[in-house]
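For reference, the chains in residue letters:
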Amino acid sequence: MERARRIRRNKWLYLMILPGFLYFVLFKYIPMYGLVIAFQDYKPYKGIFGSEWVGFAQFSRLFHDPWFWEITRNTLVLFGLNIVFFFPVPIILALMLNEVRVQAFKRAIQTAVYIPYFMSWVIVVAISFVMLTVDNGIINNILTMTGHEKINFLLDVRWFRPLYILQNIWREAGWGTIIYLAAMAGTDPQLYEAARMDGAGRFRQMWHVTLPSIRNVIVIMLLLRMGSVLEVGFEHVYLLLNPTNRHVGEIFDTFMYTQGLLQGQFSYTTAIGFFRSLVGLGLVVCANAIARKFNEESLF
Amino acid sequence: MKTAKLFMLDRGGGLKVVESKTLPSRLFDVFNYAALSLIGLITVLPFVHVVASSFATTAEIARKGFVLFPTEWSFSAYDYIFSTDSFLRGMLNSVGVTAAGTLFSMAVTCLMAYGLSRKDLDGGRQIMFLVVFTLLFHGFLIPTFLVVRELHLIDSYGSLILPVTVNALNLIILRSFFRTIPEGLEESAKMDGCSDFGTLLRIVLPLSLPALATVSLFYAVSYWNSYINAVLYLNDSHKWPIQVILRQIVIVSEGLTVDNAAVDSSPPPAQSIKMAAIFIATVPVLVVYPYLQKYFTKGALLGSVKG
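As you go down the protein sequences, you meet chains U and G in turn. Just so you know, we're using our numbering here: the first sequence kicks off at 1 and counts up by one. Just so you know, we're using our numbering here: the second sequence kicks off at 1 and counts up by one.
Because the hints were derived from the structure by calculation, they are not lab data. Be aware that one or more of the hints could be misleading.
Simulated restraints on C-beta separations [stated by the list, open to error]:
hint, chain 1, residue 1, chain 2, residue 2, range
1, G, LEU185, U, VAL77, 41 to 47 Å
2, G, LEU185, U, GLY47, 48 to 54 Å
3, U, TRP53, G, PHE137, 19 to 25 Å
4, G, GLY198, U, PHE294, 49 to 55 Å
5, G, GLY198, U, VAL77, 51 to 57 Å
6, G, MET128, U, ARG204, 39 to 45 Å
7, U, SER60, G, ASN167, 20 to 26 Å
All C-beta atoms in this analysis are idealised placements derived from N, C-alpha and C, irrespective of residue type, glycine included.
Please construct the entire structure, taking both the sequences and the accompanying hints into account.
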């Protein structure tokens, strides 16, 4: 009875939650239900309830499609590059910023490195393009002026992955330092004191005191990254794709867009999306279990 | 390795130990400051180059190879851009969508965040779980597209706003912040006969201005930067926001795209025009940035996220 009274008393609160709740239902949970078309042969004119049920046929088709393995490889490579080359950068940057005593300098550098995060991917890629083009781009101009050959960054396939990572770093490394810096601020100063008394210099203090103290934050961030494993940045990669680099650049999301929306392969590409999200979820759960085994902090 | 210790008085009158000025320590500092300066420079230089080039004449760009500060100023790139219909329309679209979207998003998000911030709300925890779950398992392109289509939002401005009304992270931030408002205040408002809604309006919101400002700016920047929804849902090029126009100008015009998005046969624009387009698409964000910075560097954001 107490509960019923509480609910009645709070009815306005429920009303306030309603619009947002409707949003999540409409645009997040109904699409989840719509995953069911991955098991169908969805035809737009038949709708969900009218389309034929085909079980795992779409998935089987997926695993036999030669494109599928290329896309998986591309996605995994980009993800691997992300973890190896991008993930440590905000940590290193935060460590460096943490050692700065002059507050004005620290704030100035922070201001500079946070800016790219607020630029859209279109702007980031557009800036890269105008700087890297063989047609009077600044980088190539510098190369020719110092006696080197021009490099066709935009069309040479070998540059796709390096450019992807560099753009990622430029845009997001700065912003990523925020959480690490916050964690570092909470390090016990006495630990530094003890290290100093043991004769540790600046670098060793960083390695033995600062880094371990943010270990749990690092693990959590790594786990979160795992969760988005197969989402290596649709908006970003989509802007970089062109006919010459498709075989290294096409990832699940771009394939879903070009095949799904543009070519009407609704069921097939939904199966891809389903597969991808499932793998992502599975990876988070696994990584989480591993983290717990090592007595680290975990997501759940 | 010897380290000398210095004791200094800090502003609070307490003692603090300052890292001494031994040679290795100083070297470390020199290296650190130099490296950080370089990083800061590298981050910012592309912008400087783009802005400078947009004001330079084509002749100077061709002659000097790279421009960091133009010697001959020319506004021809800007004249051209502002004379084209599509660019201006794109700006208008972006301004409209950003303004309307931010207002709508803030309204819905604040209401939901406040409702969920009340601890005695039955089902509150469950709803929050549903919200957080969408952060882990989400983004199904085709099904979402189908929903948008069923709602008859294809080719409408609504498709740029409704599918992204509430950002789960922003919701969490606001909810955490609302929770820090002392319950005593809300209770005394209740005793004076204030409704829940009134409490939100008259007590909670005025006390939450920093968080509100920050989240509003996050939404605004997000709406201003959005382009993929326009590509997905808008067929009518008159409704394209500025980022899509920019993409046309810089990327598609060079044929560097995979979906043959209206690549026309005219020659791509000159370097300076591309630069000008990039700069204009960035200006609103650069203008808003100092205000944003003021709030999130203070850790106002982090405190609420930790909660």
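**Report entry** Distance restraint hint 20 to 26 Å, applied to the beta-carbon atoms of SER60(U) and ASN167(G)
**Finding:** Since the Cβ atoms of SER60(U) and ASN167(G) sit about 37 Å apart, the hinted range of 20 to 26 Å is violated.
Query raised in the report: Do the beta carbons of TRP53(U) and PHE137(G) sit within 19 to 25 Å of each other?
Result: With a Cβ separation near 23 Å, TRP53(U) and PHE137(G) satisfy 19 to 25 Å, so the hint holds.
Query - Cβ distance range 48 to 54 Å for LEU185(G) and GLY47(U), holds or violated - result: Holds, since LEU185(G) and GLY47(U) (Cβ atoms, about 51 Å apart) stay within the stated range.
**Report entry** Outcome for the supplied range 49 to 55 Å, where the beta carbon pair is GLY198(G) and PHE294(U)
**Finding:** holds, 51 Å
**Report entry** MET128(G) versus ARG204(U) beta-carbon gap, inside 39 to 45 Å or not
**Finding:** holds, 43 Å
Requested in this report: Could you say whether the range 41 to 47 Å given as a hint is met by the Cβ separation of LEU185(G) and VAL77(U)?
Outcome: Cβ of LEU185(G) to Cβ of VAL77(U): about 54 Å, so the range 41 to 47 Å is violated.
Requested in this report: Check the following: the C-beta atoms of GLY198(G) and VAL77(U) are separated by a distance inside 51 to 57 Å.
Outcome: holds, 56 Å
Of the numbered hints given earlier, the model fails hints 1 and 7; all others are met.
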